[in-house]
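Chemist: Protein chains in written order, with this note's numbering: chain A, 850 to 1325; chain B, -6 to 170.
Hints are all accurate, no fakes.
Stretch by stretch, here's where chain A covers chain B in the computed footprint (C-beta under 8 Å, at least three residues): (1) 21 to 32; (2) 87 to 94.
Derived DEER-like restraints, expressed as beta-carbon distance ranges: (3) A/R1060 x B/P42: 28 to 34 Å; (4) A/D1107 x B/A96: 27 to 33 Å; (5) B/E68 x A/P901: 40 to 46 Å; (6) A/E904 x B/T159: 32 to 38 Å; (7) A/E904 x B/R61: 31 to 37 Å; (8) A/A1017 x B/G93: 26 to 32 Å; (9) A/A977 x B/E156: 22 to 28 Å; (10) B/R67 x A/K1131: 46 to 52 Å; (11) B/G157 x A/R1275: 43 to 49 Å; (12) B/G93 x A/A1164: 50 to 56 Å; (13) B/P42 x A/E1030: 48 to 54 Å; (14) A/E904 x B/G157: 38 to 44 Å.
Below, a list of computed lysine to aspartate or glutamate pairs in the EDC-like style, where the Cα atoms sit at most 20 Å apart: (15) A/K1080 x A/D1152; (16) A/K1268 x A/E881; (17) A/K1004 x B/D145; (18) B/K(-3) x A/E986; (19) A/K997 x A/E1196; (20) A/K997 x B/D18; (21) A/K1012 x B/D18; (22) B/K95 x A/E894; (23) B/K132 x B/E68; (24) A/K1055 x A/D1160; (25) A/K997 x B/D145; (26) B/K39 x B/E68; (27) B/K(-2) x B/E68; (28) A/K1131 x A/E1104; (29) A/K987 x B/E19; (30) A/K987 x B/D18.
No wet-lab data here; the hints were simulated from the structure.
Quick caveat, the model's predicted, so the values are computed rather than measured.
All C-beta atoms, glycine included, are put in the ideal place defined by N, C-alpha and C.
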Amino acid sequence: MKQGNTIVIDPVTRIEGHSKITLHLNEDGRVEDARFHVTQFRGFEKLCEGRPFYEMPSLMARICGICPVSHLIASAKACDSLLAVKIPPTADKLRRIFGLAQVTQSHALSLFYLSSPDLLLGMDADPAKTNIFGVAEKNPALALDGIKLRQFGQKIIERLGGKRIHPAWIVPGGVSAPLTEVDRDAILEGIPDALAIAERTLEWFKGTMERFREEISTFGNFPTMFMGIVKEDNGLTFYDGKLRMVDASGKVVAERLDPTNYSDYIGEKVEPWSYLKSTYYKPKGFPEGVYRVGPLARLNVADRCGTPRADQELAEFHELQRTAVLSSFHYHHARLIEILYCIERLEQLLNDPEILSKHVRAIAHPNALEGVGACEAPRGTLFHHYKIDEQGLIRWVNLVIATGHNNLAMNRSVLQVAKHFVQGKRLTPGMLNRVEAVIRCYDPCLSCSTHALGQMDLQIQLISPQGEVLDEVIRK
Amino acid sequence: MSKKKIATVWLDGCSGCHMSFLDMDERLLALAGAADLVYSPLVDAKEFPPDVDVTLVEGAVSSEEDLRKINMIRERTKILVSLGDCAVTANVPGMRNPFGTKAVYDRAYRENVTFDPGVPDQVVPALLPTSRPVHEFVKVDIYIPGCPPSADNIYYAVTELLEGRTPDLTLKTRFGS
Ligand code: SF4
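So here's chain A without its partners, still in its complex pose (with noise of 0.2 Å):
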């Protein structure tokens, strides 16, 4: 974008999904202002209109290659209420287990495959070298380590559902199919190697945070409001419950609020320079209703895991900060904690003995008209909201997706790394990394989020007040 006294940093690797920063700069080369586009839509809650309500959790799950399962639990739950049954336990804990797989995997996605690198060999590091690859020429075990997790969290999904990713196991009225003793058996053995890299993948992270000291007082750090889901007892949970929300101190502002009724307390805001909306607790107004979503929120809302191993992690992430902990670097930390409490909940559900039951859904027809479903994807809260006619055909959809909750923190974070990082009249390529990173933390699901994904090249120039080109970085 040649406007002026901008930067643009385009597009952000590593991510994903389709986007690109601009910085705004002073007379004095400073940077004043910062946004975060994203730049591709594809406009799912118009294309299902008109199909049946049954091929929604399917088609949904297309949103996302990710978290497919997320986009399976929430709509399958929305067309539960259509349906107006009660799922049989052993599908509600099928479907528990399900997510959990995806969670464990898409952090690790996320942990290794997107910012390890950056952890691993710097900010600073050789563009060429900040890949999975360069990861595993310089600490393979710790590339392996990523891979073995990623892909524990893929074969369980894959023994339930068929396949690893778009899986049609999830239904309306609960599974469509129940676990056998032999994936049970197999899924269980899996337990301790999953478990041992988690414990390992914590310990060194927790090594390197002291590296990371200017990174973490500058990381999307600043107070906002942080939403989650919550069980009854306000402990963790992915599949199901009330939302909560705390403030930056950590007190609790609203709790028990029901998903059902999102559209009172969450507003959506549209930016004309971005495909991505942003939300807001409507209670406080935009844009002083900002909050964050995901596993740092998770963790600040929640009172306990509810697992021994996450929870001692837990009690320690506390001490990191008395208040609510505010810096978006610790989302890393978070997604860590949370893999240690999926793994550890895996273990607990699959050694339940209702889990092997038959009865595994419910049938019925659509006995409502509307119907809301939500849980917690990796990324924070997400809602699936349809309406259909009297014949079960989509009339109506909205959805709000978690890299929309985290909008606003988002852009935020990029002008704080960008007005601490880039400054003067010279530019490195570190300096516009960590500007991408701050994006990483977040672990943005662009496509998701505007239903979109996609990927353009990068090229940072520094321009002057007068429209002078002052510097230009180009990554190879």
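Go by the hints and put chain B with the ligand onto chain A.
Modeler: Just chain B with the ligand now, with coordinates in the frame of chain A:
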């Protein structure tokens, strides 16, 4: 002999085809021994290199940006592969076509909005009137259908292509598999 160059590109897809590529797991590292991944969402490359041997394209052509990219990529690629049903048939993105872009934009940016409705038109690329498969714009050499194609099939196709052979996928995959 210098290493072959492969690239992967996202147009209008869900990233599922790329995730299936990652589902090659340890074979990814073996592949990296045989060829360099010179451009991909997974690496920090800026320029699409001028002489790529094999490019895997995920997704349909839906926006002005997609169109610009696919033309550029075709010029710079020896073997262009349509990876997955969205690239091969427009699949899910193509479902918006009967509605027209205005209705699609309006639902997302005017109707389902609480504050400041309006269709974004600064910085972001406009949608094309319809979302179309890749081969309607440029010549495609190999098709790998599936939503997504399995990691085994991607691995088979890529290794065959790197060896200079033409993979035969007829009995291995189909639309929607
Ligand atoms: S073919 Fe299927 S998996 Fe691939 S991008 Fe399209 S919807 Fe996603």
